[in-house]
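Enquirer: Residue numbers (my numbering), protein chains in the order written: chain E, 57 to 394; chain Z, 57 to 394.
Possibly wrong hints are sitting among the right ones.
Copies of the same chain look alike in the list, so a pair counts if it fits in one copy or across any two.
[Said to hold, decoys possible] No more than 30 angstroms apart at the CA atoms, straight line, and that leaves these computed lysine-lysine pairs for DSS-like:
1) 240 x 64
2) 357 x 63
3) 63 x 325
4) 364 x 325
5) 357 x 64
6) 240 x 307
Calculated directly from the structure, the hints in this document are not laboratory data.
These numbers were taken from a predicted model, which means no experiment stands behind them.
2 protein chains.
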Amino acid sequence: MKLASLKKGGRDGTLVVVNRAMTHCRAVPAIARTLQAALDDWDVVEPQLRQVYEALNSGAFDMPDPFDPAVCHSPLPRAYQWADGSAYVNHVELVRRARGVELPAEFWSDPLIYQGGSDSFVGPRDPIHALSEDWGIDLEAEVAVISGDVTMGETPAEAARAIRLLMLVNDVSLRNLIPGELAKGFGFFQSKPASAFSPVAITPDELGEDWRDGRVHRPLTVHLNGALFGQPDAGTDMVFNFPQLLAHVTKTREMEAGSIIGSGTVSNKQGGLFGSSIANGGVGYCCLAEVRMYETIEGGKPQTPFLKFGDTVKIEMFGRDGSSLFGSIEQRVEKYPG
Amino acid sequence: MKLASLKKGGRDGTLVVVNRAMTHCRAVPAIARTLQAALDDWDVVEPQLRQVYEALNSGAFDMPDPFDPAVCHSPLPRAYQWADGSAYVNHVELVRRARGVELPAEFWSDPLIYQGGSDSFVGPRDPIHALSEDWGIDLEAEVAVISGDVTMGETPAEAARAIRLLMLVNDVSLRNLIPGELAKGFGFFQSKPASAFSPVAITPDELGEDWRDGRVHRPLTVHLNGALFGQPDAGTDMVFNFPQLLAHVTKTREMEAGSIIGSGTVSNKQGGLFGSSIANGGVGYCCLAEVRMYETIEGGKPQTPFLKFGDTVKIEMFGRDGSSLFGSIEQRVEKYPG
């Protein structure tokens, strides 16, 4: 099943069921006005939404609305929880080296997760807004799950049952603000501005066998300014799977329906020490920090700049049949007009 | 104006207007069903809520419901944003010393704020649940504001206009999980379980002249197991006021209505180096970590244990006339039954 939230209808948007081909959609106010409302009562609502989904796919509705990702917000325009893992430890190791910090051994056994801000996400086609290019604007292409309720202390196997939906994320990072902020000891804050999510959230069954072991086994495709920049496989080198991330989040607290848990930047090691670029025959990268580290290792300093005003980012994932699974995140970096 | 959320009515509870004496209340479904809904449309809703408040205070309603804090949830049972400052730098300095970490000089000029989790707060009379006493369970008594919308890059003076409501907080901390978690570099996560807020949120005008300079100038009273433990003044030694905290939060992102920003543990320096206990004639403490540090300085090691199952915490603030301003947070530490 595919779900999206149109921007119209208020701060939480308007829930629509989208057909598999993402050509048409249908609002379902009699079932749930918003995605959060659906998640709050998922066991009751989900079968009703599936009936609409099947009817859309079979052409049973005479006049379904055309589906336009450009009028979509993120599936949850605002959420009660957004916690982002760093499950691809290769990425963490690379970025840490770029900051001159060693990777502790326990990072391979204890998930690293940061608490994100979730009050005002931006839409999948909205600008990446910043007041200054000097902040070191970077993308981070990721996969995320939306969960149902999870109680404290569940095992990964128990928490796995709470996974409701999957999305893509652009977890924008302000690289030049990170070192100073992490040195203060309280983690990211200003260095993590508003994230954007794919126009469509999908139930795991849409992936068939490519959803297994709590991981999404498909490449994540990233274009920068129209050129292919990365296509690492999201199921490869994901050291901690989503159930493990959920269990980590809920070790000392309950977690409520509608919580979003991210994978961290998708990153493949590719046999070499840190992976390689598309130009060099590799699968490329899902953030600029990685290629800059690669350049530092090879040539002594980074060559690729961070994002500038006017640059564009496109993040998408395709199924085995070549069709887009989530629709695309397409963002242009712009100076905040405020 | 005083507002609260009854637990009944769903995940976001039921908004009620409470009279000044906190003896009676009235649900206002025709105006706003939940506090978040009221905050989403504050300019329209607030004058209508005030009419109900004035009518409650003047006894205009024949049969207002009795107000019972025991059936209240936190005013926002779940929120889209919970960011907690450490505005009382004396507390930060003490806790850092307890961890053997020096305080960087810029902590006196650059606010320290951590991104909290906000998907499932507990109510003001709910237990502090933990799976183990070994986590080092501590209270942190604080003041917090609920904001309206704030755009990116506002000055403190601009952001001040977005302050809608004030509350008290118990920002429970798991002290024994903090060192390992902060060493990982991504800030608090498992060491910050669910917070509880005062039963009542109030508009700043309820404080009269005691709300000035973006600070609450009243003592914050803490009882542990029935004995007075702290009564430091929330307006003293608050190095960064709430408008400054809001401006810090929104340097690189917008913030949406219903966001909660905390002051950090209230802590007075009291002329001495780090303040002193009630027994020693001081104003005492709003967390156990401070008294333990004081004991370490005086006697070489901490004497006061962290909270045990069965211990009780009470947090309250009184106006100049001796009346309770927010109602009390009263929590008992209990083993999570899960």
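Enquirer: Look at each hint and say if it fits the structure.
Expert: Cross-check of the supplied hints:
Within a single copy, residue 240 and residue 64 get their C-alpha atoms no closer than 40 angstroms, and across copies no closer than 41 angstroms, so neither meets the 30 angstroms cut-off. Proximity of residue 357 and residue 63 under a CA criterion of 30 angstroms is satisfied in neither setting, with 43 angstroms inside one chain copy and 57 angstroms between copies. In the homo-oligomer, the alpha carbons of residue 63 and residue 325 never lie at most 30 angstroms apart, since the shortest distance is 38 angstroms inside one protomer and 49 angstroms across protomers. In this assembly of identical chains, the alpha carbons of residue 364 and residue 325 lie at most 30 angstroms apart only when taken from the same copy (27 angstroms versus 46 angstroms across copies).
For the identical chains of this complex, residue 357 and residue 64 are neighbours neither inside a copy (46 angstroms) nor across copies (59 angstroms), given an alpha-carbon limit of 30 angstroms. Taking identical chains as interchangeable, the C-alpha atoms of residue 240 and residue 307 lie at most 30 angstroms apart whether they share a chain (25 angstroms) or sit on different chains (17 angstroms).
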